[in-house]
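One-letter residues, chain by chain:
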Amino acid sequence: MATTYEAIATVTVGSGGASSIDFTSIPATYTDLFLHVSARSNRAAQLDYWNLRFNNNSGTNYSARWLKAYGVNVLESSSNSGADKMFIGWVNGNTATSNTFASTSIYIPNYAGSANKSVSSDGATENNASGNNDFELGIIAGLWSSSSAINQVTLLPAVGTLLQYSTATLYGIKNS
Amino acid sequence: MAITYEPIATTTLSSAAASVTFSTISGAYTDLVLVCNIAQAASNNSLRIRYNSDTGSNYSFTNLSGDGSTASSGRDSNLTSGLVANTSGSTSLELVVIAHIQNYSNATTYKTHIGRGNRAASATDATVGLWRSTAAITTIDLAMGSTFPSNNFASGSTFTLYGIKAA
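Here the protein sequences line up with chains U and A, keeping their order. Residues in the first sequence are numbered from 709 upward in steps of one, following our numbering. Residues in the second sequence are numbered from 68 upward in steps of one, following our numbering.
I should point out that these hints are in silico values taken from the structure, not numbers from a laboratory. None of these values were measured; they are calculated from a predicted model. Check before you lean on any hint, since a few could be wrong.
As the list claims (entries may be wrong) - Straight-line C-alpha distance at most 20 Å; calculated EDC-like pairs for lysine to aspartate or glutamate: (1) U:Lys-776 with A:Asp-98; (2) U:Lys-882 with A:Asp-98; (3) U:Lys-882 with A:Asp-143; (4) A:Lys-232 with U:Glu-834; (5) U:Lys-882 with U:Glu-714.
As the list claims (entries may be wrong) - Which residues of chain A face chain U? A partial, calculated answer using Cβ under 10 Å: (6) Asp-98; (7) Asp-134; (8) Leu-162; (9) Ile-165; (10) Arg-186.
As the list claims (entries may be wrong) - Simulated restraints on C-beta separations: (11) U:Asp-730 with A:Thr-205: 19 to 29 Å; (12) A:Thr-122 with U:Gln-872: 37 to 47 Å; (13) U:Leu-783 with A:Thr-122: 33 to 43 Å; (14) A:Thr-137 with U:Val-867: 34 to 44 Å; (15) U:Gly-839 with A:Arg-142: 41 to 51 Å; (16) U:Ala-736 with A:Ala-83: 40 to 50 Å.
C-beta: ideal position from N, C-alpha, C; glycine also.
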C-alpha cells in the first residue's frame, strides 16, 4: 500500500529565535498539504498572531474570514481582504504562561492546481490567565487568489519573533 | 511502520454532477476522513451527506459559524440528510470541507461526524452531525443543499475519502 501521508520537512526554532518559518522547494507530487505548528512569540503581550505567505508573494492577494472565542461567552467573527499575507491564527505572546505554545493546524487542498488556493485553519492559544484577550480559540477560512502552484510556505508572526522550541511540520497527502 | 492513513477513493468531476457517491466502503479502518474542494453550478448551498442511502428522517446537527461579522450557532433535527458544513459554496472552486467520521464501521452505536467548512468569501464553520443508525457505514452520498441536491457540483470539484486505522 502506498504511503500517502508523508512528512516533507520539520523546522524547530533554535536559541536565537526566528522571524519566520519557511518551507521551500515544496514538490508538486502530493494532492494536499497539512501544516502542524506549535509556536510562541517574543511579543511583550499575551498574544501574537500568525500570518502565512505562499511563494513569497506579498501582493494584496489574500483574504480570510474567521470565528473566534475568547474569554467567557465571547464569540466574534471578522474578515479581511486585499491583505498582503493570510491571517491564519493566534500565537502565545511572551507574557502568556511560561512554556506554553499555541497549536495550529492548517490544511491546504489542491495546492499544486491552477485554481485559487483555499485554506482551512484551526488554532488555539491556552494560557493560565483570566483576561478576555489573553487567549483565543478559532477557525479560519483563508484564500490566496493565485493560479500558481504552491512551492513555498512561510509562517510569519505579526509582531514578534518566534521563540526557541517553536516547531512546524509540513506534511504531504496523496489521494492515490 | 504500519500505514494508517490510506486513500480509499477519489473523484474529480469532469462535468457537473448532482451527487458524488463512495460505495462499498471497507470496514477495515477505524475512522474516515473526507476532503472536498467544491465549486457549485450556482451559489449558496451547503454540503449534505447521506449514509447507506438512508432517506429517513434520521439526521441532526449542531453548528457554530462565523460569516465575518456575526458569530452564530444553530441546530436542526429529524432531517432526511446530514449537514457536513454550513458554509455555502460558490461557482468558484473555493469551498473546502474536511469531515471526520468516527468509528464508522461498528454495528452498535449511532454515527457522528465533525465537519469544517471554509470559504474566505463567505464563512467558516464547525458542525457536528448525527446519523441515528447502528448500521456500519458502507456508502456515502454527497450533494449540495437540503433537497439533496438543490443544485449541482461543478466541474473540477474534488472529493477524496481516506481511511484511518487505529492500529
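Going down the list of hints, with the structure as the test:
For the suggested pair U:Lys-776 and A:Asp-98, the alpha carbons sit about 27 Å apart, so the restraint of at most 20 Å is broken. A C-alpha spacing of about 18 Å is found between U:Lys-882 and A:Asp-98, which places the hinted pair at or below 20 Å, so the restraint holds. Straight-line distance between C-alpha atoms of U:Lys-882 and A:Asp-143 comes to about 35 Å, which puts the hinted pair past the 20 Å bound. With a C-alpha separation of about 30 Å, the suggested pairing of A:Lys-232 with U:Glu-834 is violated against the 20 Å cut-off.
A C-alpha spacing of about 9 Å is found between U:Lys-882 and U:Glu-714, which places the hinted pair at or below 20 Å, so the restraint holds. Residue-level restraint check for A:Asp-98 is violated (minimum Cβ-Cβ distance to chain U is 14 Å; threshold 10 Å). A least Cβ separation of about 6 Å between A:Asp-134 and chain U falls short of the 10 Å threshold, and the interface hint therefore holds. Contact between A:Leu-162 and chain U, as hinted, is supported at the beta carbon level, the nearest pair being about 7 Å apart and thus within 10 Å.
Interface hint status for A:Ile-165: upheld, as the beta-carbon distance to the closest one in chain U is roughly 6 Å, under 10 Å. Interface hint at A:Arg-186: satisfied, since its Cβ lies 6 Å from the closest Cβ of chain U, which is below the 10 Å cut-off. At roughly 44 Å, the beta carbons of U:Asp-730 and A:Thr-205 sit outside the given window of 19 to 29 Å. In this structure the supplied range 37 to 47 Å is violated for A:Thr-122 paired with U:Gln-872, their Cβ-Cβ distance being about 56 Å.
Restraint check, U:Leu-783 to A:Thr-122: a C-beta distance of roughly 34 Å satisfies the suggested window 33 to 43 Å. For A:Thr-137 and U:Val-867, the Cβ-Cβ distance of about 28 Å falls outside the hinted range of 34 to 44 Å, so the restraint is violated. For U:Gly-839 and A:Arg-142, the Cβ-Cβ distance of about 31 Å falls outside the hinted range of 41 to 51 Å, so the restraint is violated. Restraint check, U:Ala-736 to A:Ala-83: a C-beta distance of roughly 27 Å breaks the suggested window 40 to 50 Å.
Hint compliance for this structure: hints 1, 3, 4, 6, 11, 12, 14, 15 and 16 are not met, and every other hint is.
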